[in-house]
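Everything in the first sequence is counted per full-length UniProt numbering, starting at 1 for the first residue and increasing by one.
Hints are computed from structural coordinates only; laboratory data are not their basis. Where a beta carbon is used, it is the ideal one built from N, C-alpha and C, also for glycine. Keep in mind that a hint or two might mislead.
[Said to hold, decoys possible] Mimicking DMTMM-like on lysine to aspartate or glutamate, the simulated pairs with C-alpha atoms at most 20 angstroms apart in a straight line are: (1) Lys316 - Glu233; (2) Lys295 - Asp313; (3) Lys303 - Asp321; (4) Lys295 - Asp321; (5) Lys270 - Asp228; (6) Lys204 - Glu253; (7) Lys220 - Glu378; (8) Lys203 - Asp313; (9) Lys279 - Asp368; (10) Lys316 - Glu253; (11) Lys270 - Asp193; (12) Lys167 - Asp138; (13) Lys203 - Glu233; (14) Lys167 - Asp193; (15) Lys219 - Glu233.
[Stated by the list, open to error] Simulated restraints, written as ranges between beta carbons of each label pair: (16) Glu233 - Gln305: 16 to 22 angstroms; (17) Glu144 - Thr245: 24 to 30 angstroms; (18) Gly399 - Val44: 45 to 51 angstroms; (19) Lys389 - Ala314: 47 to 53 angstroms; (20) Glu319 - Lys219: 41 to 47 angstroms.
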Amino acid sequence: MWGWPLLTSKNCMSDIENTPEQVKFADFGLAPEIQRALTDQGYVHPTPIQAKAIPILLQGRDVMGAAQTGTGKTASFSLPIIQLLLAHANTSMSPARHPVRALVLAPTRELAVQVAENVAAYCKHTPLRSTVVFGGMDMKPQTEKLRSGVEIVIATPGRLLDHVEQKNISLGQVQMLVMDEADRMLDMGFLPDLQRIINLLPKKRQNLMFSATFSPEIKKLASSFLTDPITIEVARSNATAERVTQVVYKVNEDHKRDAVAHILRQRELKQVIVFSNTKIGASRLARGLAAEGMKAAAIHGDKTQQERMQALDAFKKGEIDVLVATDVAARGLDISDLPCVINFDLPYNAEDYVHRIGRTGRAGASGDAISIYSDKDERLLADIEKLIKQTVPRGTLDGFVPGGFRSDERHGDRRRDRTQADRAPRSGERREGSSPLPRREKVDPWFLKPYEPTRSNGAPAAAAPAAPAKPKQKVAALLGGLPKG
DNA sequence: AAAAAAC
Numbered sequence: 001m002w003g004w005p006l007l008t009s010k011n012c013m014s015d016i017e018n019t020p021e022q023v024k025f026a027d028f029g030l031a032p033e034i035q036r037a038l039t040d041q042g043y044v045h046p047t048p049i050q051a052k053a054i055p056i057l058l059q060g061r062d063v064m065g066a067a068q069t070g071t072g073k074t075a076s077f078s079l080p081i082i083q084l085l086l087a088h089a090n091t092s093m094s095p096a097r098h099p100v101r102a103l104v105l106a107p108t109r110e111l112a113v114q115v116a117e118n119v120a121a122y123c124k125h126t127p128l129r130s131t132v133v134f135g136g137m138d139m140k141p142q143t144e145k146l147r148s149g150v151e152i153v154i155a156t157p158g159r160l161l162d163h164v165e166q167k168n169i170s171l172g173q174v175q176m177l178v179m180d181e182a183d184r185m186l187d188m189g190f191l192p193d194l195q196r197i198i199n200l201l202p203k204k205r206q207n208l209m210f211s212a213t214f215s216p217e218i219k220k221l222a223s224s225f226l227t228d229p230i231t232i233e234v235a236r237s238n239a240t241a242e243r244v245t246q247v248v249y250k251v252n253e254d255h256k257r258d259a260v261a262h263i264l265r266q267r268e269l270k271q272v273i274v275f276s277n278t279k280i281g282a283s284r285l286a287r288g289l290a291a292e293g294m295k296a297a298a299i300h301g302d303k304t305q306q307e308r309m310q311a312l313d314a315f316k317k318g319e320i321d322v323l324v325a326t327d328v329a330a331r332g333l334d335i336s337d338l339p340c341v342i343n344f345d346l347p348y349n350a351e352d353y354v355h356r357i358g359r360t361g362r363a364g365a366s367g368d369a370i371s372i373y374s375d376k377d378e379r380l381l382a383d384i385e386k387l388i389k390q391t392v393p394r395g396t397l398d399g400f401v402p403g404g405f406r407s408d409e410r411h412g413d414r415r416r417d418r419t420q421a422d423r424a425p426r427s428g429e430r431r432e433g434s435s436p437l438p439r440r441e442k443v444d445p446w447f448l449k450p451y452e453p454t455r456s457n458g459a460p461a462a463a464a465p466a467a468p469a470k471p472k473q474k475v476a477a478l479l480g481g482l483p484k485g
């Protein structure tokens, strides 16, 4: 099928299955330039997904991979891509001699950047060129890079199509296509874009699709876009990370923010991602935590791309301790050694819970996944527990007194004063625009809620009946090719 | 319900 020499691994699959711990990258017969890059980074043994996927991909087969990020997924497709492209490496400087031959599609901009960084690192000692294109940034630098000629492009679908329309890139020579986080791309409604992109590619190509979950929609997508794929599954579908300790705390809806702050202070947590279901909620929470002296920042889709990258960068550098994020950060982001994830809201989509808590407990490390929920979220919790096939322990927040940090001596008089003022009984109605309290800055008054003891933590809730599977009408119709008109 | 992604 390929014009390229067949590159096979010395290992057969059964060897790998039987003795995964014995396999080394050196056994894959990768080019010395690639091996050098691996050695540079101290990589000797492949992860399970790498051990399984690399030999198959090197044979030119299509692969459907079920694996979460943090399992070494990126290297599992990057290394074979580089190996196969190297077989036809071309040292000419002409862009025409550097057609795009491998395309990696990712659902979010941050993930695309991250994949691109990995690819660039593995390409370091080779003449191959790679670049990343994504929205929210000036077209021009991306255009220049594309026009100078690159073999490997990592992209978010929308911006890629934009470049295609502007004739900055031609996809007619693409021999390898990777759809990373395919389930996410479906969820985000990228199917039409994916279809358009795939229509621009040569019919004969190698396809790799990765997905953290294995829904019927994903299987259907695989069967329509992949040719005779080999399915690789490293962990059971929808399995939560084994080393992640989960707990849920039930609090009054109005006290969720207090509870998060309490957990952060009590545990003296460093480097935590807190997930919020809404962009506004994420911003508010970050602002509130920052007002209480924590190094917190928000990341979500209403932030400019620059702000998003700055926040992520600051978090990775340790300049920020708390990153309050929407599901823009739920999948893919690889932040090493994240000890804890907090769900400020339970996600509407149970699968997102798996993705969110998958941000911790990476690469063999242990992690904590703490979720806050209230009465109205019982159903969401039931859905999550059904999906992960386990009950999440209900915890009690020791010493938690909701209402604005008033029980914590570590805070100064300013807070105590404000708290006292706030304790005055109020009628249930909201006082809009009549805040008598001096404020340093624009601070969301979420900690100024009337005191009300939390009653409902501790007892495990009765398992609610599971929700019926949501029909994904749109996706199903598109995949069927015959949307009803 | 909400989030993400192209201008």
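Status of each hint after checking the structure:
no.	hint	in the structure
1	Lys316 - Glu233	violated, 30 angstroms
2	Lys295 - Asp313	holds, 14 angstroms
3	Lys303 - Asp321	holds, 19 angstroms
4	Lys295 - Asp321	holds, 5 angstroms
5	Lys270 - Asp228	violated, 46 angstroms
6	Lys204 - Glu253	violated, 54 angstroms
7	Lys220 - Glu378	violated, 32 angstroms
8	Lys203 - Asp313	violated, 39 angstroms
9	Lys279 - Asp368	violated, 24 angstroms
10	Lys316 - Glu253	violated, 31 angstroms
11	Lys270 - Asp193	violated, 39 angstroms
12	Lys167 - Asp138	holds, 16 angstroms
13	Lys203 - Glu233	violated, 26 angstroms
14	Lys167 - Asp193	holds, 17 angstroms
15	Lys219 - Glu233	holds, 13 angstroms
16	Glu233 - Gln305: 16 to 22 angstroms	violated, 34 angstroms
17	Glu144 - Thr245: 24 to 30 angstroms	violated, 48 angstroms
18	Gly399 - Val44: 45 to 51 angstroms	holds, 46 angstroms
19	Lys389 - Ala314: 47 to 53 angstroms	violated, 37 angstroms
20	Glu319 - Lys219: 41 to 47 angstroms	holds, 42 angstroms
The structure shown violates the earlier hints numbered 1, 5, 6, 7, 8, 9, 10, 11, 13, 16, 17, 19.
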